[in-house]
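Protein chains: 2
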Amino acid sequence: MSKRNAIYAQSGGVTAVINATASGLIEAAHSHRDRIGKVLAGRNGIIGVLREELIDTSKETRSTIQRLRETPGGAFGSCRYKLSNPTPTDPDIQRLFEVFAAHDVGYFFYNGGGDSQDTANKVSKLSQQLNYPVQCIGIPKTVDNDLTGTDTCPGFGSVAKYVAIATKEAALDVASMSESSTKVFILEVMGRHAGWIAAAGGLAGEGRNEPPHLILFPEVPFDRTDFLQKVESTVKRVGYCVVVASEGVQDGDGNFLSDAGTKDAFGHAQLGGVAPILASLVKDELGLKYHYAVADYLQRSSRHIASAIDVEQAYAVGKGATAAAAAGKDDIMVGIERTRDKPYRWRLANVNLSKVANVERKVPRSFRTKDEYGITAQARRYLLPLIRGEAYPAYRQGMPRYVQTKNQLVVKKLPRYDVG
Amino acid sequence: MSKRNAIYAQSGGVTAVINATASGLIEAAHSHRDRIGKVLAGRNGIIGVLREELIDTSKETRSTIQRLRETPGGAFGSCRYKLSNPTPTDPDIQRLFEVFAAHDVGYFFYNGGGDSQDTANKVSKLSQQLNYPVQCIGIPKTVDNDLTGTDTCPGFGSVAKYVAIATKEAALDVASMSESSTKVFILEVMGRHAGWIAAAGGLAGEGRNEPPHLILFPEVPFDRTDFLQKVESTVKRVGYCVVVASEGVQDGDGNFLSDAGTKDAFGHAQLGGVAPILASLVKDELGLKYHYAVADYLQRSSRHIASAIDVEQAYAVGKGATAAAAAGKDDIMVGIERTRDKPYRWRLANVNLSKVANVERKVPRSFRTKDEYGITAQARRYLLPLIRGEAYPAYRQGMPRYVQTKNQLVVKKLPRYDVG
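Residue numbers (our numbering), protein chains in the order written: chain A, 249 to 668; chain B, 249 to 668.
Rather than coming from a laboratory, the hints here were simulated on the basis of the structure.
Every clue listed holds true.
Where chains are identical, the list cannot tell them apart; a pair therefore holds if satisfied intra-copy or between any two copies.
Keeping only pairs whose Cα atoms sit at most 25 angstroms apart, straight-line, the calculated SDA-like set for lysine to any residue is:
#1 Lys618 <-> Asp474
#2 Lys610 <-> Asp399
#3 Lys307 <-> Asp282
#4 Lys654 <-> Glu458
#5 Lys307 <-> Arg281
#6 Lys537 <-> Leu476
#7 Lys618 <-> Pro469
#8 Lys531 <-> Asn503
#9 Lys307 <-> Gly487
Generate coordinates for the entire structure from the input sequences, incorporating the hints supplied.
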């Protein structure tokens with residue numbers, strides 16, 4: 249086998265640790281110099297690949313690549329562009345293989361969620377049909393933790409840690425003042441279709457009276473009356489009530505609460521999110537003073553409190569992807585397999601991409617308490633190892649020393665192509 | 249001078265480091281055993297003092313008191329209750345001195361913002377009028393950093409660090425995706441009347457193109473047209489725009505933007521906050537995709553990323569308050585005096601309470617850039633030392649090991665008193 253170049257693309261929402269995956273992949277590629285030439289990163293993901301905007305990662309210093317391990321966001325850029333119709337005659341697909349050929353690309357690493365694994369799977373099959381050999385390796389990434397074929401998704405452990413700590417800290421604040429001030433606190437977290445992130449909030453405390461008192465999962469239809477009753481009884485019993493709400497909370501008909509269509513003073517539709525809507529309910533129906541926080545991007549970029557195990561696994565799947573490619577693998581995703589809960593043990597495992605693509609993993613019933621507002625011991629057993637350890641970044645003058653890549657593009661060889 | 253007991257009360261919104269002040273005060277009281285007997289903490293602040301709900305801090309273990317240094321929230325509880333009419337005939341004042349007398353209290357430590365310093369000042373004067381000797385020592389605490397008589401307020405440095413880091417991290421996220429996704433990100437932070445916290449967001453980057461691109465101060469009347477123009481030109485120039493907005497942003501007539509009176513789908517008035525309102529503006533007027541985060545309590549309870557210098561100073565003012573009391577001081581606040589910027593040097597300084605009470609310190613014009621959307625070099629010189637160092641708490645199983653006090657009350661000696 250001759251030496252060929254690789255393309256690496258980040259896809260979808262970025263995380264606190266996706267750059268650790270890039271770091272692992274690029275560093276490991278050096279050890280396989282006989283097989284893998286340059287690692288070219290798509291600028292802003294697959295869009296950049298189609299535009300032939302390919303970042304030459306060999307122009308970055310070793311120290312930069314190393315420090316990507318502790319830099320959040322997506323250093324090479326990402327996007328949500330989906331190859332809509334991956335057939336041999338699709339213009340995007342034809343272009344993709346033209347780019348591959350123009351830059352002697354024999355390896356395609358796609359770092360993303362379910363859609364990306366699906367794309368990698370299809371590109372692998374097309375490579376045979378089009379008779380252009382390219383090994384396709386999927387690398388898992390998603391804060392939502394909704395991928396199958398892997399015990400967890402790199403990115404999730406750090407969000408989970410952030411949300412658990414934020415819940416615990418804010419709850420201490422609320423508890424201090426609740427006698428005469430805020431009685432209900434709502435933290436809105438990500439996870440539109442799967443409640444893994446909301447579930448992680450449950451790690452802040454254990455037992456009926458410890459916060460969070462109520463978790464709202466997107467898997468469970470929102471029952472307004474029951475919710476209000478639970479809030480009221482918690483405030484009576486404990487003195488205050490802490491709620492962790494998934495942005496994806498839905499009513500019984502599958503409508504997102506956040507789509508309830510609020511209007512502001514200027515008559516503008518206000519995309520409110522779940523927290524303000526729940527807060528208004530609490531205030532108007534129960535007359536209780538509330539506060540709410542919307543963590544939004546803070547939760548998925550909070551590298552300053554990343555989970556050490558998450559950083560380690562994010563790096564490992566990158567490294568493992570390179571190793572798999574060098575070993576001639578194709579059409580696989582480098583997943584994480586849990587071999588033991590206590591003490592936690594894991595290893596990498598290559599999974600056939602067809603088994604991963606387009607299957608969404610939700611929080612199972614056995615992870616949610618009987619009343620649907622909490623997490624079970626089984627959920628804790630699963631979640632706890634994933635937030636273990638603190639992988640602090642380096643600091644200078646009180647601020648994390650995050651690195652900036654040069655992102656120098658290789659010379660284009662093809663005519664211009666307009667994406668989308 | 250004989251040995252007498254002390255009362256310590258936390259007041260107003262709690263912080264990530266107010267317990268460090270309690271820790272410093274209680275630990276130092278041991279060294280002044282000849283003068284200071286028990287330190288009794290008001291349960292939920294001054295309300296508890298009036299109700300004679302006094303926590304016997306000597307029942308806590310040494311390790312608990314030590315670990316308060318790394319526990320956020322208010323361990324003994326706090327409140328916003330203001331002694332409205334501190335005259336010798338006011339029932340609350342009469343009760344306060346009855347409680348003092350019943351428990352042989354000779355020292356009153358009040359740990360809070362401007363109102364609390366005012367109260368401490370008045371109680372000191374009343375002590376002479378009522379001929380009951382009690383030394384009143386104010387201890388600064390407020391995330392808003394709006395107290396005079398001290399270079400900074402313990403609590404602020406940690407919020408400042410949190411907001412600066414959150415801004416930097418979220419901006420990296422936005423930058424990664426901005427080509428095809430979110431163009432405008434808004435982070436809403438605390439500071440209803442003074443923009444110190446918003447200013448701290450400016451530490452995330454320096455220069456015209458680095459985020460945050462726009463800071464909205466409560467000191468500067470909000471100009472809708474100008475704001476939208478600035479957002480639009482930033483997106484054109486940089487590709488995205490990061491805004492840090494104080495919750496206290498006001499229009500030219502002094503109305504809070506957040507009071508604009510939104511209604512949700514149920515017809516409930518929605519207390520929206522500034523971020524969703526700005527976001528709607530951006531979407532409707534510029535058609536740009538946005539995201540927003542509301543940090544709320546997360547910012548002032550984020551002990552996991554507290555500023556080391558802030559923790560040190562919070563502890564020092566507590567210790568200093570005890571020392572001042574033992575030295576016979578009265579009617580003073582233990583402030584922080586900056587003696588040098590580079591390298592940063594500071595010391596404690598006792599300030600007469602009458603000079604501190606009820607004066608609000610805002611962000612000076614010289615700290616804001618000419619266009620009113622950024623911070624100057626002078627502001628950086630002031631702010632940077634305050635976020636220096638990381639005082640990480642201890643962790644177990646991935647979570648911070650915050651401590652819980654027993655809060656055992658001393659036996660009551662007085663009839664019941666209803667507060668408020």
